[in-house]
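Visitor: This is what each chain is made of:
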Amino acid sequence: MKLNRRQFFKICAAGMGGSSVTMMGFSPTPALAEVRAFKLARATETRNMCPYCSVSCGVLIYSTGDKSKNAKADIIHIEGDPDNPVNRGSLCPKGAGLLDMVKSPNRLKFPEVREPGSTEWKRISWDEAINRIAKHMKTDRDANFMTQNKDGVTVNRWPTTGLLASSAASNEAGYLTVKTFRSLGITALDTQARI
Amino acid sequence: MTNHWVDIKNADLVFVMGGNPAEAHPCGFKWAIKAKKTRKAKLVVVDPRFNRTAAVADFYAPLRPGSDIAFLGGVINYLLANDKIHHEYVKAYTNAPFLIDEGFAFDDGIFSGYNTEKRSYGKDTWKYQLDKDGYAKVDETLESPNCVFQLLKKHYSRYTPEVVSQVCGTPKDAFLKVCEYIAETAAPNKTMTNLYALGWTEHSVGSQNIRCMAIIQQLLGNMGMAGGGINALRGHANVQGITDFALYAQVLPGYLSAPGDADPDRKTYLEKRTPKALRPGQMNFPQNFPKWFTSLCKAWWGDAANKDNDFAFDYLPKLGGASDVLSIFNAMYEGKMNGFFCQGFNPLASVANKKKVGDALAKLKYLVVIDPLATDTSEFWKPHGEFNEVDPSKVQTEVFRLPAGLFAEQTGSFTNSGRVVQWHWKAADAPGEAKDDTEILAALFLKLKEMYAKDGGAFPDPILKLTWGYRQPAKPAPEEVLMEINGKALADVVDPKDATKVLVKAGEQLPSFAMLRDDGSTTCGNWIYCGTWSQAGNNTARRDNSDPSGLGQTLNWGYAWPVNRRILYNRASADPAGKAWDPKRTVLKWLGDKWGGNDIPDMRPDAAPDQGVMPFIMNPEGVARLFSRELMAEGPFPEHYEPFETPLDKNPMHPNNPKATSNPAARVYKGDMEAFGKAKDFPYVATTYRLTEHFHYWTKHAHINAVLQPEQFVEIGEELAREKGIRNGDTVKVRSNRGFIKGIAVVTKRIRTLEVDGKKVHTVGIPIHYGFKGVTKPGFITNTLTPFVGDANTQTPEYKAFLVNIERA
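As they're listed, the protein sequences go chains P and G.
If you count the first sequence from 1, you need to add 117 to reach the working numbering.
If you count the second sequence from 1, you need to add 3 to reach the working numbering.
If you are wondering where the hints come from, they were derived from the structure by calculation, not from laboratory data.
Do not take every clue at face value.
What the hints assert, rightly or not - Chain G residues, not near chain P, derived (Cβ > 10 Å throughout): (1) 270; (2) 756; (3) 811.
As the list claims (entries may be wrong) - Pairs of lysine-lysine residues, derived as DSSO-like cross-links and limited to a Cα-Cα distance of at most 27 Å, are as follows: (4) 267/P x 673/G; (5) 252/P x 504/G; (6) 366/G x 255/P; (7) 366/G x 189/P.
Unchecked claim - From chain G, some residues computed to sit far from chain P (all C-beta separations above 12 Å): (8) 43; (9) 142; (10) 191; (11) 201; (12) 291; (13) 334; (14) 621; (15) 681; (16) 740.
Since the model is a prediction, treat every value here as computed from it, not as a measurement.
Ideal placement from N, C-alpha and C gives every residue a C-beta, glycine not left out.
Bound-form chain G, shown alone:
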C-alpha cells in the first residue's frame, strides 16, 4: 500500500476492483465503512461477482474476468476526453510534458521493437528524448505530438464507452456511472483510494492492470494524498515483510536488484544500478544504491567483505535467468533439479496445474517440508482417492517433514500491508518436538558449515565466512536478528559536509538509512528497515496509538518503512508552492524553512518549493510516470490483451492481428501452450476466489473454519444453470484442459451472464480452499484446473481468467 489501512477512512471515494476486502480483509475494510459513515464517502465496486463488498457499495458494475484493462483504459479515456484531470498536478508531478523518442510507435496491438520469435520487445524507442546534458526534454505546453500527454490521449482514444461495453460486457450506462464517480475526485481537494488484491495481479496482464490505476491516480492527483494512493491488499500477515526481505530471486533485501550473469564485477554491477538524474535538481534517491548494497555485504560477511575483495561480490550467487515459482517448477518438471525446500508453502495446492507440480516433485531426489501443518504437498506421493491419484512405488523422492512453530509460538516482527512493522511475542511452546523456523535454519546451516570446514567442497568461503555472531549460535534470538537487519556503525559515521562532526559513533545502532556508507563503515541487512532498531531500542514494539492529527497516522505505533513514513510520495499532497491541496487533510506542507505536517516528509527536509525538487524521489526524473519507459515487459502504456484462454478466440480490439490476441511478451513454456483450452471445448470463463471463512490452504486444518465452510462448491449464474440443467446442491464436475474437480453447485444471482463482443459469456466461480489434507471434507485442489502461464513482468499465474466446461457429475 502507498497509504495504510486506517487512512482509507480519509477517502471521498473508495474504488474497489480486483479485490473483495469485505470478505478477504474484513478488519481492514471497516475503514471503508468508516469513510462512508463519517465523510459520506462513496464505495464503488467493479467485479465479475456481486460479492459482499458490492453488497454494501453505493454502486456496482459487473465485468468479464480478464477485461480490466479495457475497463480502466476506458476510464482514462473518459477523464481525458471530458477534461476531468487535476491539471496542475499532472503538469508538475508527472511525466506528461516529457518528450518520447520519435521512433516510438504502436500498431494494431503491438508496440515498436517486437520480436515475434523471442516473444519479447527491444525497447530502444520506449525512452525520453535527452538534451546534451543527459536530461529529458520536456514540452510544458503539453502540445507536442511526442509528449507523453498527447501519446497517452492518442493511445486511449480507442477505449470508447462502446468498446468498453463490447470487450467487458459491462452495460454502457453502468460504465459511465463509474467514470462519473471517479472523475469527481479530479478536484484538488477530493481523493479516491483504490483497493485491489489478487483479482488484478493473477492475470497474464496483472502488472499492467495496476499500471492503469497508477495512470488514473496520477491524472486525478490522488497519489501522496490522505485517502488516496494505490493500495494492494496483500495476502499473508507478513507477505509484505517477506517480499521486503527478498525471499525471491530477482532482488536482494530492500529491493536491490540481484546480480546476474551480465554483472562480472562489483563496478559493473553498481554502475548499472546507480542512475543519474533525468531532470536538473532532482533527489534521484537510487543514487545511494552503492551504500545500501555495500552495507548488506558487510552485514552478511563482516570483515571478509572488504575493499580488497570487492566487498565479497563473488560470494553472492549470480542469477542465470528466469527464477520464479513457474520457472522453478518447470525446471523441476524437466528433471533439472534434485532438491527442494517448502518452508510454510504448499505448492501442490497453490501453484498452477497441480498435475504438473506433482509430476515435478516426483522427479526430485529430496524434498524438505518445513511447516506447522501436514500439508498436501508433503503427501504428494500418497494416494488420496480421486483427489490425488499416484503410485507411491514409482515416486523415488525422499521426503522429510520438519515440524515448525506458528505465530503464537514465536517472537518477531510482521509487516502489514500498510508497511507498518509490528513486534509480537511468543505465548507458548510449539507442540511436541516442533521448533522455530530460525532454529531449524540454524541447525541445517551450522551442520553444513561444520561439514564444509571439515571436508571442504565446492566454494566453501561464503558459508564459512557468513556472519553468525548470535549469542547462542543454534538459537539466534529475534532481537539480535532485527538489530542486525537495522545495522550499525563499524566506524564513526561523520557528516559528509563536516568531517569533524560525528553523526553516529562506532558500534551504535543506526538511526536511519541516511547514515549508510559505501566504504564498508556501516552494516545493514535491509536498508528500508534501517531505523527499526535504533539506539532507542526496538521501534517496532512501540505501542502508543495516539493520533493527534485525526488522520489515523499513529506515528508512534510500530514503525513503518521507510523511516516511519506512513504515506508514500506525501510531498505530492501539497501544491508546487508547498501548500496542502486539501488543508483539512494536511499530510505535508512547507513551513517556511522546512517541511512539516502529519507525516515524515518524503522529501529532503530543507528543499524549499522554489528549488523545484519533485515528489517522486525514487525516480531519476523526480516525477511519476504516465509512460513507464522501458520498465514493463509488454509496453509503456497498458493495452488490453485477452487471457491466454479466451472465450472469444480473438482480441476484439485487434481482431485481425493474432500476435496481439494475448500478452505478446508473456512467457509460455513448451507443452503449456498446447495445454491451453479452446472455447469450443471449454466454453465458460472460470475465476477462482477466496471465502471469508477461510485463509488459503491453512484454515482447512482448523475445526471452526471447517465447520463454517466444510466443502468445495462451485458458483454459477442462473442462466447457465438452466442451460445445463444444474440445480442448487447438485454435484458438478468442472473440467479444464488440465484436469477436473468436483464440487457442490451453488446457483446464484451474484454471477451474471454478460454480453461480450456479440456473444453470451457465462462465468464460473471456484473457491480455492480445499484439498485432501485437513479437517474439511476431503476434496480436489482447485489449481488442478489453472493454466501454467504468468504475468510477463512478475510471472504471477493467471488464476482469475481461464476456460472450463461444467456438467452434473
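Just chain P, same shape as in the assembly:
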C-alpha cells in the first residue's frame, strides 16, 4: 500500500491512531519536513475557491483550530484542491500567493472616514459609519428621487447615487446587492462585467 503524506494523515484523522497504522505496516513516503506536515494534519481543512481569474480553481484552506465556537481560526496554508475537475490541485503564480493576500498588510480592519477637505483617515465605529452613510443616502434620495419623467411616465428612480458592484463577491452577496439597491431606485449600477 503506497500512501502519500496527505492520504496517510487522512487515515490517521479517520480515527486510527497514527502509531497503529504504522504498526500495520503502512508508513508515509519519507519526507524531510515532518514537523510542518504534522502541523497541517492538525489543521482544519476548508474547501474554498481562488478569487482571482474565472477558472475559479478549487482550493483547500488550512487553519488552526477546529471551528468550535470559541476557537479563533487562523489561516496558515492554502493549496489547490486535487478533487476539483478543472484545476486538479494545481494553482498558478497568482493563486500560489493567496495566503499573502489573506494576510496582506493592507487589509482594512475597521471603518474609517475622511472628512471633507481633511488630509487623513479617522477611525469610527460601525454604528457611526452606518448612521452617517444612511443619513447621506436618505437626504440625497428624498431630495432627488424622480417619480415621473417629463412625459408623465412613472419612473421611480434615484439618479444621483450610484454603485459599482464587486465581481469578487459571492452570488448571494451580489443578489442581495442588486435586490436592495434596485429597491432604493438606483439605476447607476455597473460591475467588472464590462472591464
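Starting from the known structure of chain P, fit chain G onto it as the hints suggest.
Guide: Relative to chain P, chain G alone:
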C-alpha cells in the same frame, strides 16, 4: 463560455485570439495542452505580442492592435471563397437561407439607416422579409441575392488576403496558414474551440470582434459540439455570476431586459420582451419571459406584488438612458451625482482616463468604499507624489472606508467562466472588525428601512415591502439567499395539460425554471439559477467528479446554469436526423423517443427530429444568426473600423469616407473627442495587458506577487528601441493625450514592428497592475493613458488600442 474549461481538451484546434490564457488563466489553459497531448490538437495564436500562449503554439501570427475584424473578416472570406464550410449545418442551423429586407444596403463603410448627427442607426432595413403569418421567408437554395448567405459572401469578398495584410500588418503567408488550420475544422467531425478574453472586448468594436467568431463557428459547424464553441475567458472568479445577477443597469437578474422610460406599465413592458416565433414550430424559449419576470417580482416583494398592482411593476426603477461605467463617471464629472458606492471595485485604477475619474470623484458629496483592501480609489483625495497629484483641501467629498471579508472568510457560491456554480465554505473570520458584504448591505438597508418607516420620505414602499424573511435580519445566511434565488412554489404548481397532476407542492423548492408561472404562484430570484437549490438541497455543493463519458462533463460536480447543462446549443452537435456529427464525442443524440447522451438536452426532450425544432432555442427563428438583424448598434455584419486613436488617420478599407474611419455608432462624450490623440503627436500604438504573476489591482497588495513582479515596466520592440535610443532597464516616460506614466523599459523580440498600409507601425505593451497603494513599488496607474470611449454595444472601454509617445525619462 458556451462550453467549459475541461471541454477544451476535446478540441482538434485551439484557436486563441484576443486572450493569453497561458499567462492569464494558467490552470484552465492546461486543458489546451491536454488536447495537444492526447488528441494531437493544434494550437494557433494570433496576437500583437508573441506571448507565452504563442510560445507553446504550433503556429503564431502577429497583427496590429485593433485590426481583428479585418483579420477575421479575411477568415470568413477564405472559408466562403474556398468552400470550406459545413454545408448541412449552415443550411439547417443558421439563418443563411433567410431573406433580408430589400432596402438593406452597405455603402463605403456605412449600413443603411445611418444618422450622422445622432451617430446611430435607424434599423428598419436590418430585418427579415416576413410572410403573411409573420414568419421569416427563406430561400433553401441559398441563391437569392437577398438571402443572408449571399449577402455575407458579398460583404466579406472585400476582405482578401492582400487587404488583411495591408490593414493588420500580418504577413500574407502567415494569415493564409492560419486560415488553413481553421478551415480543416469545417469537416463535420472536427472542431475548433475559440478562446478569447479582454483582448477582443476592450475595443470600440469589441462586440463585433466576437460576432466575427460567431459567424466563423457557424460556418464551420462548431457550435454545440464538444471541443467547439465560443469561449470567453472571463476576469474575476465570480464575474460570470455577478453578470448573471445583473449588477449592471440594463438587465435584471437572469438577463431580463430592465424596464425603461418607454415602458409605462407591465403589459407594455412584457409585450415588448415576449417575442413571437419567426419560423413555424420553433421553441422560441423567450416566450416564457413573463414567468421569469413575475417570479422575480414575487421573490423581491412577496405579497406586496400581486395582480392588483401589476405585480409591483412600479417598484422597479425605470432606466432613463445610458447607464454604464463610462456614462456614470461622465455624469459624475458633470456634477450630476452626489453619492457613490465602490464595492470591491477600484475605478480610479480600472476605468479609462484616471484624471477624469479622479476629478469626477472629487465632485461627490459622499463616497463609500467597501473593500477588503486599502484601494487607490479610497485615497483618490490623498497626495501620493507624482503618482497622484491632488490638493486634499480642495476635495470636499466625505469618504467612508468599510472593511469587508474576502473569499476565505465567506461562505457562498461562485460561478466560473464555464457557468458552473460551485459552493465554498468560510475558513476563518475576517480581520479586526471587518464584516461580510452581506452583513454590510443588511446593516445599511435595515437602517434606511427604519428611517423610512419612522420619518417617511420619497416613495418608501419598495423599501418597506422588500422581502427580508431571513432568520437573522442583520445577517442573511448565504444558504437562505441561494434558496430564495432558486425559488419555490407559493401554491401547488400543476401540469398545464392536466390540472389534477401536481408537479410541485406549495412551499417546495422548485426543481427547474420549467415550473415557473406568470400568475404569482412561484418565486424565483434568478430564473437561470433555478435548480441550484431544489428539494434535493444545495446542488452547487455537489462534489462527485466522476466522468463516465470521458468528455469531462462531470455532471454531478456543482451545478451549471441553465438546468445543469454543460454545453450550450448541444442539439447542434447532432445532425438534423439526430445522429451525432462525431459519434466519438457524442454530446447529444436522438434515442428514438427522446434526446439523450452526455449532457442535459438543449431541446424539448421529446421533440423528434422530424418535427424540425431547431437548436438555437433562445432565438425566435430557432437558428443561429450569421446576420444579427437589428441587435447590434453598428451593423448586422461586422465591418473593420479603426480604433478611435489610429496610427493611420483613415480607415484603409474606406479611405475616402471619414464617417467610416472609426465605429460610426460609438458614443463619444463632449470633451473626450478632443482628448483623442493624433498620430503626428503620438505615433505609436499602445496596448495594455496582464502579467501571469498579478491579478488586476489586487495582488499588488500581496507580498509574494509583489516580489515576483515588483514594478511597472513598458515593453517595446527592438526596432523602436533603436530608433528612440532606449536600452533595457532605462526609465521611460509614456505619454498619451490624457497624461503620462513612467516605467522600466523592457526591450524584447516579442513585439514586432509591422508594415501597415505602407507604413511602419510600432506597438508599445503596457502591463496594468500598478498604483500608489500596495506592497509593490509605488507607481503610476496605467489607465492614466487610456481613452474614454467604449464599444458601441457594451461601452467596454478601448484599452487595447490607443496612441502614445515614448521617450527616455
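Visitor: Are the hints correct? Go through all of them and say.
Guide: Hint-by-hint comparison with the structure:
1. Taking the minimum C-beta to C-beta distance to chain P, about 14 Å, the non-interface status of residue 270/G holds against the 10 Å cut.
2. Every beta carbon of chain P lies more than 10 Å from that of residue 756/G, the smallest distance being close to 29 Å; the non-interface claim holds.
3. Every CB of chain P is more than 10 Å from the CB of residue 811/G (nearest about 31 Å), matching its label as outside the interface.
4. A threshold of 27 Å between alpha carbons decides the hint, and for residue 267/P with residue 673/G the separation of about 24 Å falls inside it, so the pair holds.
5. With a C-alpha separation of about 52 Å, the suggested pair residue 252/P and residue 504/G falls outside the 27 Å cut-off, and the hint is violated.
6. In summary, the hint linking residue 366/G to residue 255/P is supported, as the alpha carbons are separated by about 19 Å, within the 27 Å threshold.
7. About 43 Å separates the Cα atoms of residue 366/G and residue 189/P, which puts this hinted pair outside 27 Å; it is violated.
8. Remark: the non-interface label on residue 43/G is consistent with the geometry, its nearest Cβ contact in chain P lying 22 Å away (cut-off 12 Å).
9. The beta carbon of residue 142/G is kept farther than 12 Å from every beta carbon of chain P, the shortest such distance being approximately 39 Å.
10. With a minimum CB-CB distance of about 28 Å to chain P, residue 191/G clears the 12 Å threshold, and the non-interface call stands.
11. The Cβ of residue 201/G sits about 8 Å from the closest Cβ of chain P, inside the 12 Å cut-off, so the non-interface label is violated.
12. Its beta-carbon lying about 21 Å from the closest one in chain P, residue 291/G satisfies the requirement of being farther than 12 Å from that chain.
13. Under the 12 Å C-beta cut-off, the non-interface status given to residue 334/G relative to chain P is violated; the minimum distance is some 7 Å.
14. No beta-carbon of chain P comes within 12 Å of the beta-carbon of residue 621/G; the shortest separation is about 19 Å.
15. Every Cβ of chain P is farther than 12 Å from the Cβ of residue 681/G; the closest lies at roughly 25 Å, confirming the non-interface assignment.
16. Every beta carbon of chain P lies more than 12 Å from that of residue 740/G, the smallest distance being close to 20 Å; the non-interface claim holds.
Of the numbered hints given earlier, the model fails hints 5, 7, 11, 13; all others are met.
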